[in-house]
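Colleague: Given next are the chains, with one letter for each unit.
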Amino acid sequence: MRVATYASHSALQILKGAKEEGFETVAFGKSRVKPLYTKYFPVADHFIEGTYPEERLLELNAVVIPTGSFVAHLGIELVERMRVPYYGNKEVLKWESDRSLERKWLEKAGLRLPRVYEDPDDIDGPVIVKPHGAKGGKGYFLAKDPEDFWRKAERLGVRDKDGLGGVQIQEYVLGVPVYPHYFYSKLNRELELMSIDRRYESNADAIGRIPAKEQLDLEFGTNYTVIGNIPIVLRESLLMDVIEAGERTVKAAEELVGGLWGPFCLEGVFTEELEFVVFEVSARIVAGTNPFVHGSPYSWLRYDKPVSTGRRIAMELRQALEEDRLGEVLT
Amino acid sequence: MRVATYASHSALQILKGAKEEGFETVAFGKSRVKPLYTKYFPVADHFIEGTYPEERLLELNAVVIPTGSFVAHLGIELVERMRVPYYGNKEVLKWESDRSLERKWLEKAGLRLPRVYEDPDDIDGPVIVKPHGAKGGKGYFLAKDPEDFWRKAERLGVRDKDGLGGVQIQEYVLGVPVYPHYFYSKLNRELELMSIDRRYESNADAIGRIPAKEQLDLEFGTNYTVIGNIPIVLRESLLMDVIEAGERTVKAAEELVGGLWGPFCLEGVFTEELEFVVFEVSARIVAGTNPFVHGSPYSWLRYDKPVSTGRRIAMELRQALEEDRLGEVLT
Amino acid sequence: MRVATYASHSALQILKGAKEEGFETVAFGKSRVKPLYTKYFPVADHFIEGTYPEERLLELNAVVIPTGSFVAHLGIELVERMRVPYYGNKEVLKWESDRSLERKWLEKAGLRLPRVYEDPDDIDGPVIVKPHGAKGGKGYFLAKDPEDFWRKAERLGVRDKDGLGGVQIQEYVLGVPVYPHYFYSKLNRELELMSIDRRYESNADAIGRIPAKEQLDLEFGTNYTVIGNIPIVLRESLLMDVIEAGERTVKAAEELVGGLWGPFCLEGVFTEELEFVVFEVSARIVAGTNPFVHGSPYSWLRYDKPVSTGRRIAMELRQALEEDRLGEVLT
Numbered sequence: 001m002r003v004a005t006y007a008s009h010s011a012l013q014i015l016k017g018a019k020e021e022g023f024e025t026v027a028f029g030k031s032r033v034k035p036l037y038t039k040y041f042p043v044a045d046h047f048i049e050g051t052y053p054e055e056r057l058l059e060l061n062a063v064v065i066p067t068g069s070f071v072a073h074l075g076i077e078l079v080e081r082m083r084v085p086y087y088g089n090k091e092v093l094k095w096e097s098d099r100s101l102e103r104k105w106l107e108k109a110g111l112r113l114p115r116v117y118e119d120p121d122d123i124d125g126p127v128i129v130k131p132h133g134a135k136g137g138k139g140y141f142l143a144k145d146p147e148d149f150w151r152k153a154e155r156l157g158v159r160d161k162d163g164l165g166g167v168q169i170q171e172y173v174l175g176v177p178v179y180p181h182y183f184y185s186k187l188n189r190e191l192e193l194m195s196i197d198r199r200y201e202s203n204a205d206a207i208g209r210i211p212a213k214e215q216l217d218l219e220f221g222t223n224y225t226v227i228g229n230i231p232i233v234l235r236e237s238l239l240m241d242v243i244e245a246g247e248r249t250v251k252a253a254e255e256l257v258g259g260l261w262g263p264f265c266l267e268g269v270f271t272e273e274l275e276f277v278v279f280e281v282s283a284r285i286v287a288g289t290n291p292f293v294h295g296s297p298y299s300w301l302r303y304d305k306p307v308s309t310g311r312r313i314a315m316e317l318r319q320a321l322e323e324d325r326l327g328e329v330l331t
Numbered sequence: 001m002r003v004a005t006y007a008s009h010s011a012l013q014i015l016k017g018a019k020e021e022g023f024e025t026v027a028f029g030k031s032r033v034k035p036l037y038t039k040y041f042p043v044a045d046h047f048i049e050g051t052y053p054e055e056r057l058l059e060l061n062a063v064v065i066p067t068g069s070f071v072a073h074l075g076i077e078l079v080e081r082m083r084v085p086y087y088g089n090k091e092v093l094k095w096e097s098d099r100s101l102e103r104k105w106l107e108k109a110g111l112r113l114p115r116v117y118e119d120p121d122d123i124d125g126p127v128i129v130k131p132h133g134a135k136g137g138k139g140y141f142l143a144k145d146p147e148d149f150w151r152k153a154e155r156l157g158v159r160d161k162d163g164l165g166g167v168q169i170q171e172y173v174l175g176v177p178v179y180p181h182y183f184y185s186k187l188n189r190e191l192e193l194m195s196i197d198r199r200y201e202s203n204a205d206a207i208g209r210i211p212a213k214e215q216l217d218l219e220f221g222t223n224y225t226v227i228g229n230i231p232i233v234l235r236e237s238l239l240m241d242v243i244e245a246g247e248r249t250v251k252a253a254e255e256l257v258g259g260l261w262g263p264f265c266l267e268g269v270f271t272e273e274l275e276f277v278v279f280e281v282s283a284r285i286v287a288g289t290n291p292f293v294h295g296s297p298y299s300w301l302r303y304d305k306p307v308s309t310g311r312r313i314a315m316e317l318r319q320a321l322e323e324d325r326l327g328e329v330l331t
Numbered sequence: 001m002r003v004a005t006y007a008s009h010s011a012l013q014i015l016k017g018a019k020e021e022g023f024e025t026v027a028f029g030k031s032r033v034k035p036l037y038t039k040y041f042p043v044a045d046h047f048i049e050g051t052y053p054e055e056r057l058l059e060l061n062a063v064v065i066p067t068g069s070f071v072a073h074l075g076i077e078l079v080e081r082m083r084v085p086y087y088g089n090k091e092v093l094k095w096e097s098d099r100s101l102e103r104k105w106l107e108k109a110g111l112r113l114p115r116v117y118e119d120p121d122d123i124d125g126p127v128i129v130k131p132h133g134a135k136g137g138k139g140y141f142l143a144k145d146p147e148d149f150w151r152k153a154e155r156l157g158v159r160d161k162d163g164l165g166g167v168q169i170q171e172y173v174l175g176v177p178v179y180p181h182y183f184y185s186k187l188n189r190e191l192e193l194m195s196i197d198r199r200y201e202s203n204a205d206a207i208g209r210i211p212a213k214e215q216l217d218l219e220f221g222t223n224y225t226v227i228g229n230i231p232i233v234l235r236e237s238l239l240m241d242v243i244e245a246g247e248r249t250v251k252a253a254e255e256l257v258g259g260l261w262g263p264f265c266l267e268g269v270f271t272e273e274l275e276f277v278v279f280e281v282s283a284r285i286v287a288g289t290n291p292f293v294h295g296s297p298y299s300w301l302r303y304d305k306p307v308s309t310g311r312r313i314a315m316e317l318r319q320a321l322e323e324d325r326l327g328e329v330l331t
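Protein chains in written order, with the UniProt record's numbering: chain A, 1 to 331; chain B, 1 to 331; chain C, 1 to 331.
Honestly, the hints are just simulated from the structure, not real lab data. Take the hints with a grain of salt, since some may be wrong.
Which copy is meant is left open, because identical chains are indistinguishable; a pair holds if it fits in one copy or across any two.
What the hints assert, rightly or not - Here are the simulated lysine-lysine pairs, DSS-like style, with alpha carbons at most 27 Å apart:
#1 K144 / K34
#2 K144 / K213
#3 K30 / K305
#4 K39 / K108
One chain only, chain A, in its complex shape (with noise of 0.2 Å):
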């Protein structure tokens, strides 16, 4: 059995971390990043260029390890149809993607999510306006009550209520981003916290360093296009909190779903008072582990080696071959 993944999101963390568990490595994608897998970091033995190569992967005997990136690239309908097995339950992707589905898992799962306003008539504290659509958060408006939405939505073309299909309305949770990264053993039964990091965020991270004044002057819009990520780690009295998040959202996901196994995180931001409201589940391994390539905070307090998300999926990968049980976790 060999380990492969589409070369790119956190690629090399989880070709590493196969590596170290003593899986052959595939890599597949684009051929412009080839040598990023396997020059400049030599993390995977075979290379093989195209979007999912289903005939040379089953020939390789290889598991995907899927991330966004292979997701966003290859399409959910694909991925619900590949042939060669793929570690997680591929059940999750429609619940993720579809908000109100997501959201109905969510709730069930007890998380404290934004509310949403259908009526902006009903806006009674600051609030977020999404138009369908928008990239990394181009667009995006807070307003503060209805009079200061309709004001801010005629720039859109929203001028009744009519128009509303385009936008949707949040509640403007003021907070730090925080993400939790866990990993769940369904062959151990057990929910592991693995690290935490928030994003770096173009412009989002950046407009903070320009004086107000000049800021006025500029008008510069926000916008949360991610460009990397920053370790933290998190108030030790606040991590019950996020460990009993992650296991009700693994017990809403087998009684909605089917179960949800392997790593995901909760998206969310951490308010003056302390609470933890969630914008978003990821069912899968984020990009926010990649800092973590030799260990975490977290994972060092666990583990007696260093522990990557992605050897933590490869360890996993490892048991079930030896537990003859690799059918349990790939579907």
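Given chain A, work out where chains B and C should sit, using these hints.
Modeller: Quick look at chains B and C alone, frame taken from chain A:
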């Protein structure tokens, strides 16, 4: 002898470090967090419910490593009277918790502190005004001159000098937060620089991501609730300043309170003139050491093994045991 | 052969790395910092007072590893004439220190640089205006169009085009700072990506924590004095861009100045369009490598031991010694 601490704050690191040095470990605290210390991160060999289960700790031959949470939950008076051996000098507790004693200590250490204004009419530069008892920065405001102060103070109900009892007026020092973590070995009479962090605060670290124009619309106040910590390193040419500040703090404590040993932290900012301005001293381990479970850039310069501040404490206890000098470090 | 460097900047890491590769080490510099390198962090086997104690260094058979502090304190002319062997290519010093030569180099490397405006009336987007000789950003201002430029320039005493000699007008590129650290092995003809950081600057990283309303009241200016460094990782799909930028910088240096080898850094920002815009090149080790004394997420992908940039330099010297090729890397 067993190493014990209150189950919060930096207990994971303290207990992990103690185990690495061969000690059996004890966590005590709320039953809700028991899984954190025994299952998710198996660092506690024993878990006891309760804020301070004295009899059980005595039976277990435990030494308590104090943290901010332990002292806050138990209260200084009870800490001073506790019968379980305590690592560190209890005498510093009252100095640290009393604003004027703390100031006396830090001034004796020759540190640069923010100026305190008794009379608002003396304000000759930016000040931060802190209502007494304000939590996490709620109600703090900035003012630039006496007129600005009086205008803003009126909102708090302060209309003349008779009303000033409820507020502290402090020079506002603009700079980036820097928290160096020290360890003073009483056995070896040596100061060590263990690591450096900056805090991650809600909402102070969230507002900068909102464009100035939208901030003005939405009128957010500021708050400094600690959510986590981010590892940093300091410009190398500033390290001697920070080390000398630590040495003088230890020396002043020896003259005033019979010494300061074990971990401590100076909390301050570095200004654009490269000056380290200190706001507070924490006379024990701070949560800012939590990113460094597997060692910090600084501890790796000194040690050939991963040394967190938690482990460094355990190393000191181990040495004290072996040299039969426990009495020198416990109170 | 001994490894020597000036006692500041990134000397701790350089000397520690040299010791790990089996070299004896020498630090030279101000007597005040001697304890930093010999007591607090015992990385220097020898400490010599002085900015450049040539005779002693020759006696000790030392090779100097240059840093920004060494070059700044000694001056380019003295560096060019020094008799102690120097690791790297001295020829790049004048290219790097002269704005127009540096620009020629980076343009030849095909990097995206900020546009420079000769005529303020050509301004067609945000610009940053830099008075010559301004330290750390003092006096810099932003402008959005010619009118805005002239209004603000007047405060500096610039009233017409004859007064423009004292200022540089540069396109203002909004994006988050990203500093990739490279190592080019001349012996192996291979580029490596060692680590990535962002700087921590006073007061640029302090003002965003102040609400816009209070910033406007208090009228703080901006300053970019480096206080420290924060480790980051880059979005994996951007790594090839950054590596190719490094490769082209090395290639252009080979054509223009006889090569660039050892550590170097491209200092730039990533925009919301995912473009890497480069402001400067540093043709030697940068302090941004200091968080990675025990290896970085990137060096751990390539090496099975902790490799800082300092240690990587020592590995190159060790290889050169063993292959009898020191003459190729020293100048």
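Colleague: Please go over all the hints and tell whether each is borne out by the structure.
Modeller: Against the structure, the hints come out as follows:
1. K144 / K34: neither (49 Å within a copy, 42 Å between copies)
2. K144 / K213: both (22 Å within a copy, 13 Å between copies)
3. K30 / K305: This pair counts as neither: shortest intra-copy Cα distance 33 Å, inter-copy 30 Å.
4. K39 / K108: Intra 46 Å, inter 25 Å, cutoff 27 Å: inter-copy only.
The structure fails hints 1 and 3 (numbered hints given earlier, in ascending order).
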